[in-house]
Amino acid sequence: MSLFYDRLDEIIGATDSQSEIRAMVRQCWFFDFDGYPLRVWIGQGKLHTSDSNTWLGSMNGNGQSLLQPPRISDGRDGTAPTYDFKILLVDTPGARAQEMYDAIKAEQWRVNERPLTGYHALFQVGEGLRPNTPLEFFKELTMQSVLFDESLDMEGTSIVRRYSVTVIAKDGNAGRSNVPGGTYSPSVQRARARQLGLDYDDKGCDFVASLSDRTYQIP
Amino acid sequence: MITAPKVYDWPSQIVLSSQLFHAGGQIRDGGFTSSGARVGYPEPGGRSFLEMEFPSQRHGPTDTLISWLMSRISNGNLFRVPIGRSVQVLSDSDLGLSGGATGGLLWAAEGLVPARPWDGGNLWAYEPGAVAAAAALEGVTELSIDVGSLPSTLNAGHVFGIDDTAYLVDDIDWDGSIATIKIDPPLRADLSEDDFITFRPKMIGFAVNPESFRANYGSASTIRPGPVTMMEALL
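As you go down the protein sequences, you meet chains A and B in turn. Every letter in the first sequence is one number past the one before it in my numbering, and letter 78, counting from 1, is 78. Every letter in the second sequence is one number past the one before it in my numbering, and letter 43, counting from 1, is 43.
Hints are computed from structural coordinates only; laboratory data are not their basis. For every residue, glycine included, the Cβ atom is placed at its ideal position computed from N, Cα and C. Please note that the accuracy of each hint is not assured.
What the hints assert, rightly or not - Distance windows between CB atoms, simulated:
| hint | chain 1 | residue 1 | chain 2 | residue 2 | range |
| --- | --- | --- | --- | --- | --- |
| 1 | A | Asn53 | B | Met70 | 39 to 47 angstroms |
| 2 | A | Ala23 | B | Trp174 | 26 to 34 angstroms |
| 3 | B | Trp174 | A | Gly35 | 44 to 52 angstroms |
Sequences are here, hints too, so could you generate the full structure?
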């Protein structure tokens, strides 16, 4: 067991009254965009972890989380659910929401096939935003694509423009049902050869059957 | 390029009648118990709040400032608000600095030019404080300060400041002139040894209820801006 679970057991273990339990656990998400790693935790303020990383707090002043992580399901049944991570962009120092939105839109390749890792952070009483328990890994997903959405909403008497980016991620079960290498036939092989820019005269699998069960001597 | 957001200074002409600072006040609902008690998870970190109330004021030069504030205070604009009108801040008499006027240097002080209040009636500004006795990292909740020759009157419940952030003294332990303090909210920036810690704190925040501020505005002979709550901005 890791230190995380040892501490959690220690906090919950012998205590039988719920009012004595003082464990605070929060999610941390690491979006490993190519060249722009983004670390976000579901909370307020900057979180400093023992691996000397800084995580940005996603909760704004209204108690609303700008990152809405989906419910993560257990992958042991073999399914590969699609997870949507919706990030509401806000004006940050150096980048207005719209600029960031455009930049992400222009460079979507930074998302493809990059890992998205989920951790749990354990806070003990008096630790503030610098917990000394190492983060506990709990899920790794692969980011596949991004969706973009902008809206103009009327809220009371003010008009609010919102930019949101949704990262679509899958876990390691994705693609398991695909046949490895696909179908193996002369026409399919020729199609692949064409995709690779090879000659149209590629023989594909024409010889495969006649090459079987033979002994070759390499000179 | 990193550009800091624009932070407005609270106009000193807009006088406050009271201020109340509180911190670390957030919980999330945790669950049920068989006895029906409410269980809350304390939110790690949390933010601080500053509640402010204003006295009635006659129509005069501050009218336009109040009008400006009524617009600026909405839309989440940031304000740097000094915390002074509150017993949560160490007063001059607490610090043994008798004879001083509020917000100004003692008139017994030597060598002031001019040796009188400024034309606007303001006194020389001064700022009592302490220095950090040890370095502390951003995010921690404990730090130690050295008050030097000042009396050790800082107590739990007092509010002090580092740069533009105000902190509540959650618990304090004195050893001579050195105090080990537990603070709330957690330290917002790295602190080096000998950094200045002020007993005249300021806070950067935005109004959570700007409509309350402008609610009482009228064309009568006196106006009284409504109470407003500032929430700490995490920069």
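Status of the hints after comparison with the structure:
Hint check: A/Asn53 to B/Met70, Cβ distance near 42 angstroms, so the stated range 39 to 47 angstroms holds. Restraint check, A/Ala23 to B/Trp174: a C-beta distance of roughly 32 angstroms satisfies the suggested window 26 to 34 angstroms. Checked against the hint of 44 to 52 angstroms, the pair B/Trp174 and A/Gly35 passes, with Cβ atoms roughly 50 angstroms apart.
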